[in-house]
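Engineer: The residues making up each chain are set out below.
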Amino acid sequence: MAKTLTQEFTKGLWEEIAPFRLVLGLCPVLGVTTTIENGIGMGLATTFVLVFSNILVASLRNIIPSKVRIACFIIIIATFVVVTELLMQAFTYTLFLKLGVFIPLIVVNCIVLGRAEAFASKNSLTFSIADGLGIGIGFTLSLAALGAVRELFGANNLTIWTTPTSIIGIQEVFGTNFEPFTFMVQAPGAFVCLGLMLCLMNLVGSK
Amino acid sequence: MGYMEIIIGGIFVNNILLAQFLGNCPFLGTSKKMETAVGMAMAVVFVLVLAGVITWVLYTFFLVPYKLVYMRTIAFILVIASLVQFVEMFLKKSIPALYAGLGIFLPLITTNCAVFGACILNVDKDLNFMKTLVQSVAYAVGFGLALILFAGVRERIILARVPKPLQDTSIGLVTAGILSLTFYAFKGMI
Amino acid sequence: MLNQKKLIVSHAPFWHDGSSITVRSYHTMLAALPAALFGIFTYGMPALGVVSLSISFAIIWELLINKVTQRTVSIGDGNAALIGLLFAMLLPATSPWWMVATGTFVAVVIGKHIYGGIGGNPFNPVLIGVAILMVAWKDYFDFNEALVNYDLRFAMVYPLAAAKHLGTSGIEAFSTAGLLLGQHSGGIGATFGLGLILGGIYLIIRGFIRWEISVSFLAGVFVTALLFHMSDPSLYAGPVFHLLTGYTLIGAFFLATEDSSSPVNFIPMLIYGAGAGVMTVLIRNIGTYVDGVVFAILLMNLINPICDKIRPKALGKVV
Amino acid sequence: MIKRSFIGLTKPMLKYEALDLKTPEPTIIQEPKKVSLFLDKTYGFKDTILLKIGDTVKTGQKLSVSENSDAYVISTVTGKISSIETLAGDYGKTFTSVSIEVDENEEIDDQFKTLAAEPTLDSAINFLSGVPGKPAFKIFSDPEKPINTIIVNGVDRDLLVGTNQYVIKSDIDAVKNGVRILKKITGIDNILIAVPQNMMQDAIGGGAQVVTVDSEYPATLPAMMMQSILGQILPAGQSCEDMGVCFLSAEAVASIGTAIEEGRIPSTKTVTFINKDGVKSLASAKIGTPVRNIINAFGVTLNEKDRLISGGPMTGATLYSENFPVLADTDAIMIQDRDNIPFISDYPCINCGECVRACPANVPVNMLVRFLEAGQYEEAADQYDLYSCIECGLCSYVCVSKMPVFHYIKLAKYELGRTTSAEATNA
Amino acid sequence: MRDLLLMVVVLTVLSAFSGGLLSGLRNATAARIEVQQLKFVKGPAIKKILQGVSNDPIADRFTLKDGDIERKFFVGKFDGKANTVVLESSGKGYGGDVGLMIGVNVENDTIVGAGVTTHSETPGLGATAKDNPAFVSQFKGLPIEETFEVTNDGGKVNAMSGATITSRAVCAAATQAGSIYKKLKPQLSEKLKEFNK
Ligand SMILES: Cc1cc2nc3c(=O)[nH]c(=O)nc-3n(C[C@H](O)[C@H](O)[C@H](O)COP(=O)(O)O)c2cc1C
Ligand SMILES: Cc1cc2nc3c(=O)[nH]c(=O)nc-3n(C[C@H](O)[C@H](O)[C@H](O)COP(=O)(O)O)c2cc1C
Ligand SMILES: Cc1cc2nc3c(=O)[nH]c(=O)nc-3n(C[C@H](O)[C@H](O)[C@H](O)COP(=O)(O)O)c2cc1C
Ligand SMILES: Cc1cc2nc3c(=O)[nH]c(=O)nc-3n(C[C@H](O)[C@H](O)[C@H](O)CO)c2cc1C
Ligand code: SF4
Ligand code: SF4
Ligand code: SF4
Ligand code: SF4
Ligand code: FES
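Chains as they are written, first to last, in our numbering: chain A, 51 to 257; chain B, 23 to 212; chain C, 83 to 401; chain D, 16 to 442; chain E, 25 to 221.
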């Protein structure tokens with residue numbers, strides 16, 4: 051059944067939302083989501099790489115010989131990852147510092163390679179852009195959601211974006227008396243939180 | 023930093039999986055059965071150590087002198103991808119028995135954050151050659167250890183009466199969290 | 083025959099020794115009672131509050147999760163109450179109510195019920211609850227800070243913290259008899275050494291816990307502490323001190339022995355117990371945490387499934 | 016049921032009670048108006064049925080249902096066949112039940128008498144396989160599994176049961192006779208007789224080496240006796256016959272002795288009757304007598320939801336009706352009051368390890384039961400020693416969760432047996 | 025053969041494209057990245073060291089050649105007078121190099137403040153060097169051309185408890201800063217004069 055352009059876009063937002071449905075690309079999901087801001091930043095960086103590598107792969111799909119396709123995909127993806135690294139260093143340096151090693155790690159993110167291989171190498175340019183955008187935004191939303199839960203309980207804050215001069219978001223959501231449940235922003239909390247969110251998704255999905 | 027600290031640190035305190043969040047996809051993907059977990063663990067040890075050493079050499083003797091550090095992401099991933107290819111071909115031809123055991127896990131390793139991440143961490147830490155080698159081995163052993171322990175626990179969970187929506191990955195993640203919590207035991211021990 | 087009587091048809095054996103989960107739970111609570119009551123007498127109303135709150139919350143969470151998962155109500159087996167009691171015994175008497183609520187939730191729901199309830203849990207639920215609270219609200223778990231407003235007959239300094247920060251010189255005030263009789267600060271039910279030992283012996287004699295685990299745990303603590311002490315007597319406290327302070331005794335008799343997360347075979351039980359003992363002292367002496375029992379046992383819980391594969395050869399097994 | 020002792024450190028320690036020397040003679044159960052005899056096979060759809068309702072049969076007559084099967088039963092009474100039914104038992108077993116209305120005037124079939132003068136293995140196989148004690152003579156004729164040792168079981172398999180011990184005490188001459196005949200017809204010289212410590216004297220002399228068996232359950236189960244008497248360990252999944260050892264109950268051997276001596280096939284079974292309060296008595300009943308008659312003879316009332324058991328408390332099988340007959344191997348009838356029945360629960364294993372410590376075969380029951388509960392029988396057999404189980408029931412007896420562990424084990428063995436035999440036929 | 029050729033060509037073209045794109049981008053962003061790094065990594069430390077300055081030290085920076093190495097100096101103006109420079113040096117710590125920013129008053133050659141910048145020390149132990157003002161403030165007011173050592177080694181700097189190695193690294197960095205300062209003092213004074221114009 052052929053899908054429309056809109057469907058290709060929206061499937062990434064629910065049906066195939068990563069990482070919940072695909073259970074891939076877990077490392078950044080777990081590693082950086084201590085705040086919404088980090089989640090969004092990581093998500094957008096991944097989306098950027100995803101969309102541009104999809105564009106290039108889809109445009110070149112008829113030229114790339116199948117034997118070396120994985121190597122080509124990797125070169126393409128790695129190129130955009132470095133582009134992202136450089137741009138982030140130049141324009142959002144603090145975020146770059148917070149996300150640390152996870153930015154270069156986009157290169158091994160199974161989702162990105164997975165989309166190149168499974169989708170962009172077989173579909174037209176426009177569809178591949180829709181796919182990349184959809185999956186990327188879905189990924190961003192998931193990361194933001196996880197970041198929101200973890201930050202809310204673990205730090206009593208909701209930070210959407212920090213600029214050098216101010217913070218967009220809410221601080222001390224539960225009031226100043228609340229002692230944050232810092233387990234949530236620690237390593238084990240990431241796993242537990244993601245696991246429980248996945249359980250919720252399964253519950254909602256099965257209805 | 024002494025060797026002992028690198029070893030204890032790499033295996034337990036800064037366990038690449040549980041403390042640094044690297045390599046989670048194979049961690050969850052290959053831990054349902056002890057057999058696969060052991061296979062994956064061995065494959066990772068093999069590739070991670072080789073890749074760690076080779077990327078260090080590449081970084082120290084090529085990228086740094088030629089001021090190409092910003093290209094390390096590309097350089098490393100290409101090294102790892104070709105290394106995996108090469109190891110696969112080599113094993114297939116020369117040690118078929120080992121290939122039969124590790125073969126299916128090798129392609130997965132190309133997209134394993136643990137391998138790539140360990141290479142990056144190694145060069146970031148500015149270690150010398152021997153220490154890089156020891157550090158890679160420690161990371162790899164830490165990965166294998168966590169994976170195998172996790173598989174032991176997961177084998178039991180599969181037999182428990184876990185509620186439906188929690189089954190499989192969901193409960194796996196929660197358990198991985200507790201696993202990571204138990205590794206807090208080693209905090210401060212280096 | 084028309085007037086056929088309905089008889090019970092079932093499978094052999096037709097006898098049962100009468101043991102049950104309910105009986106085990108209540109007897110474990112009974113064994114824990116002396117230490118818990120001692121804590122309540124020592125710390126007064128706040129301690130009583132924490133204990134009753136903890137037991138009630140544990141039961142409420144269990145009931146709720148029974149309803150949510152649509153399973154038979156299992157609060158009757160006493161396990162939830164036991165979890166509540168043991169959990170409270172580890173807490174400082176001043177724990178705020180929300181900490182008790184969160185901790186029992188973690189213990190009962192995350193620790194036990196997501197694994198399908200009793201018997202499925204790979205880790206000791208009580209310890210998961212405590213460990214998560216320990217990392218989330220460090221300050222509330224710092225006994226020196228938590229119990230600062232108490233003025234009791236004995237020095238209100240947490241012995242393990244004193245040993246950690248000041249070395250042996252910090253613990254001269256603690257006599258062995260004092261430690262045994264609960265003349266030191268700590269968790270509500272964790273300080274009364276004599277009571278815990280009596281409870282433990284009761285459980286061992288009744289066969290409710292396996293002596294191999296408790297004994298090897300204590301031996302592990304003793305030997306490791308002794309080695310440390312011999313290496314630097316001014317820095318590391320002696321073995322008896324380690325046996326009688328912190329969670330060592332409650333850990334040996336009530337926490338490490340939780341069924342589902344501990345081994346059942348002889349050699350694995352020894353490995354498990356001794357491993358937990360050794361790790362306890364390692365964490366206390368060279369790790370970050372003041373007391374190592376919680377993480378040491380959790381770590382051994384993790385090793386349990388693999389460790390318990392060491393077992394005697396089954397009859398007639400051909401290899 | 017037996018309560019756990021206050022001190023729970025040790026294993027269960029269930030002792031066989033040695034038969035009291037002053038045990039009264041068995042209560043003789045009157046011959047019933049109707050008997051039911053069981054054949055171990057059912058007849059197939061296309062089989063020629065040899066028996067008809069209304070046929071008259073004589074005492075001692077050999078009854079076969081079909082030509083295609085060598086299963087038979089020896090009639091214990093004279094009378095008219097009133098019904099022939101097939102019945103299903105546990106784990107896929109099937110029976111044919113032949114009911115006979117008893118005639119007052121007993122006529123004896125004398126086909127066997129002539130054979131008795133010159134006993135052979137063949138005549139034993141053909142006439143004596145259904146005597147009290149149910150000796151499995153057929154195993155002596157399997158050329159692939161030669162038997163080299165016979166153990167005469169003067170002990171009883173289960174707790175509280177005293178049938179074979181009684182035979183040793185009351186009828187030792189018949190047993191010795193039987194041993195002699197067995198030697199003759201099977202050509203096997205190595206015959207041992209196993210008795211409890213206090214009966215050692217009774218059994219000595221008679222051509223069989225006397226050995227004693229420990230008094231703690233499950234020392235009398237075949238696999239345990241192989242180990243304690245012969246020093247052989249039964250390999251997992253194999254039977255004693257595979258190892259060349261055959262167990263015959265003392266009652267069976269005595270029956271052989273009597274049969275050959277007197278030229279008459281014995282038909283009276285000694286049954287231990289275990290009352291609701293655990294008191295045991297002996298009864299002597301014709302094979303085929305409904306269990307009801309025994310219960311009535313002891314003046315016991317069986318209520319709704321009580322439990323009626325054929326065999327002992329650890330390994331017996333429940334009967335769903337009092338009309339069930341005494342069979343050739345019914346060593347005991349046990350009644351349990353509904354208030355004393357320990358129920359099983361639907362709790363999972365809590366990993367307490369009681370079963371592991373109780374298991375005489377070192378089976379990792381705690382793990383095994385998880386796999387069995389999940390229906391993963393093959394893993395259970397491969398990794399968790401399902402086939403090492405000697406079926407003593409101790410694991411269920413001690414299970415804190417009150418899981419039907421023993422039931423799971425038997426079911427798993429049965430299911431695995433079915434799949435392997437299905438594979439064998441398909442292959 | 026054609027396939028092989030195609031493979032080689034595609035791979036080469038891709039690599040070339042990638043290399044070109046990246047080196048172009050690298051050149052285009054290099055300057056900005058440097059500013060950003062200075063602003064976010066060194067900026068906070070510099071700001072702390074030069075409390076109350078009237079200029080923007082990151083904008084007022086200059087480089088000097090120290091042998092082959094280019095060193096950056098940040099200028100602080102107090103009361104309209106450019107009399108302070110901040111320079112960076114480093115020492116070997118527990119987990120790698122520890123970067124130290126150190127501010128020196130060129131008029132009396134004393135330290136006006138110091139702050140740790142980059143490091144990979146253990147959180148809770150060595151990492152406190154960065155957050156804990158008590159440790160680095162020990163350097164304040166000391167003459168720069170000294171050899172700094174922790175008390176254990178016979179010096180007068182109190183080490184952070186549990187992090188002697190990091191403390192040593194900071195001392196070594198300060199000592200190194202002193203020698204750089206000494207070596208480049210003449211040029212420094214020259215440069216500062218330009219700022220005072
Ligand atoms: C399940 C549950 C969890 C809670 N967790 C916290 C918590 O983590 N931290 C906290 O300070 N209060 C927690 N609270 C309590 C309320 O937020 C409390 O009213 C608030 O902290 C103010 O309390 P205080 O005035 O006693 O400090 C929790 C309450 C419930 C019911
Ligand atoms: C890094 C990584 C990449 C994977 N990629 C794929 C993939 O492309 N396709 C796929 O079917 N499974 C993929 N998997 C999933 C595993 O192969 C999966 O666990 C295995 O197929 C067994 O899954 P099962 O539980 O469905 O049998 C991947 C796993 C990992 C760790
Ligand atoms: C001190 C003590 C208190 C007990 N309290 C209860 C109780 O509140 N509820 C309960 O069901 N059983 C309680 N029991 C256990 C019962 O006495 C009884 O042994 C048990 O319910 C039987 O378990 P079963 O139903 O599994 O056979 C208690 C036992 C002891 C020793
Ligand atoms: C989920 C669960 C948690 C338990 N927690 C403990 C515990 O921490 N300590 C304990 O002694 N018993 C605990 N018990 C009860 C224990 O397994 C055993 O029944 C009693 O200790 C009696 O031996 C627990 C049981 C279960 C199933
Ligand atoms: S499993 Fe048990 S209850 Fe079910 S048919 Fe078989 S014997 Fe009967
Ligand atoms: S238990 Fe042993 S003697 Fe009895 S039938 Fe089975 S194999 Fe034969
Ligand atoms: S019935 Fe149970 S206790 Fe007995 S041998 Fe089998 S597994 Fe072991
Ligand atoms: S006795 Fe029952 S609950 Fe205990 S380990 Fe054995 S099967 Fe599990
Ligand atoms: S995202 Fe890290 S291994 Fe897949």
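In case anyone wonders, no lab produced these hints; they're calculated from the structure.
Every residue gets a Cβ at the ideal spot worked out from N, C-alpha and C, and that includes glycine.
Honestly, I wouldn't trust all of these hints.
Unchecked claim - Okay, derived cross-link-like pairs now, DSSO-like style, lysine-lysine, Cα gap no bigger than 30 Å in a straight line:
hint : chain 1 : residue 1 : chain 2 : residue 2
1    : E       : K116      : B       : K147
2    : E       : K71       : B       : K147
3    : D       : K26       : D       : K77
4    : D       : K26       : D       : K291
5    : B       : K55       : A       : K148
What the hints assert, rightly or not - Just the calculated beta-carbon pair ranges, DEER-fashion:
hint : chain 1 : residue 1 : chain 2 : residue 2 : range
6    : A       : I218      : E       : F64       : 35 to 41 Å
7    : A       : E222      : E       : D80       : 29 to 35 Å
8    : A       : E222      : B       : M64       : 21 to 27 Å
9    : E       : N79       : A       : T212      : 24 to 30 Å
10   : D       : L24       : A       : Q221      : 55 to 61 Å
11   : C       : L308      : E       : S185      : 41 to 47 Å
12   : A       : T212      : C       : A259      : 54 to 60 Å
13   : D       : G432      : C       : A183      : 52 to 58 Å
14   : B       : V60       : C       : V322      : 41 to 47 Å
15   : E       : F64       : C       : T151      : 46 to 52 Å
16   : E       : S185      : C       : G158      : 37 to 43 Å
17   : C       : T151      : D       : L24       : 34 to 40 Å
18   : D       : T63       : C       : K395      : 48 to 54 Å
19   : E       : K221      : B       : I76       : 30 to 36 Å
Engineer: Check the following: the C-beta atoms of S185 (chain E) and G158 (chain C) are separated by a distance inside 37 to 43 Å.
Structural biologist: Because 53 Å falls outside the window, the suggested range is violated.
Engineer: State, for the Cβ atoms of T151 (chain C) and L24 (chain D), whether the hinted interval 34 to 40 Å holds or is violated.
Structural biologist: Because 37 Å falls inside the window, the suggested range holds.
Engineer: Is it true that L308 (chain C) and S185 (chain E) lie within 41 to 47 Å of each other by Cβ?
Structural biologist: 27 Å, violated
Engineer: Given the hinted pair K26 (chain D) and K77 (chain D), is their Cα-Cα distance within 30 Å?
Structural biologist: 48 Å, violated
Engineer: Given the hint that K26 (chain D) pairs with K291 (chain D), does the C-alpha gap stay at or below 30 Å?
Structural biologist: With a Cα-Cα distance of about 25 Å, the restraint between K26 (chain D) and K291 (chain D) holds, given a limit of 30 Å.
Engineer: Lying within 30 to 36 Å: is that true of the beta-carbon distance K221 (chain E) to I76 (chain B)?
Structural biologist: Because 54 Å falls outside the window, the suggested range is violated.
Engineer: Take a look at whether the Cβ-Cβ distance between E222 (chain A) and M64 (chain B) falls inside 21 to 27 Å.
Structural biologist: Violated, at about 49 Å.
Engineer: Quick check: does the Cβ-Cβ distance between I218 (chain A) and F64 (chain E) fall within 35 to 41 Å?
Structural biologist: 19 Å, violated
Engineer: Can you tell me whether the CB distance of T212 (chain A) to A259 (chain C) sits inside 54 to 60 Å?
Structural biologist: 58 Å, holds
Engineer: Quick check: does the Cβ-Cβ distance between G432 (chain D) and A183 (chain C) fall within 52 to 58 Å?
Structural biologist: 53 Å, holds
Engineer: Could you grab the alpha-carbon distance between K116 (chain E) and K147 (chain B) and see if it respects the 30 Å cut-off?
Structural biologist: Answer holds: K116 (chain E) to K147 (chain B) is near 11 Å, not above 30 Å.
Engineer: Between L24 (chain D) and Q221 (chain A), does the C-beta distance stay in 55 to 61 Å?
Structural biologist: 59 Å, holds
Violation of the numbered hints given earlier is confined to hints 3, 5, 6, 8, 11, 16, 19; the remaining hints are satisfied by the structure.
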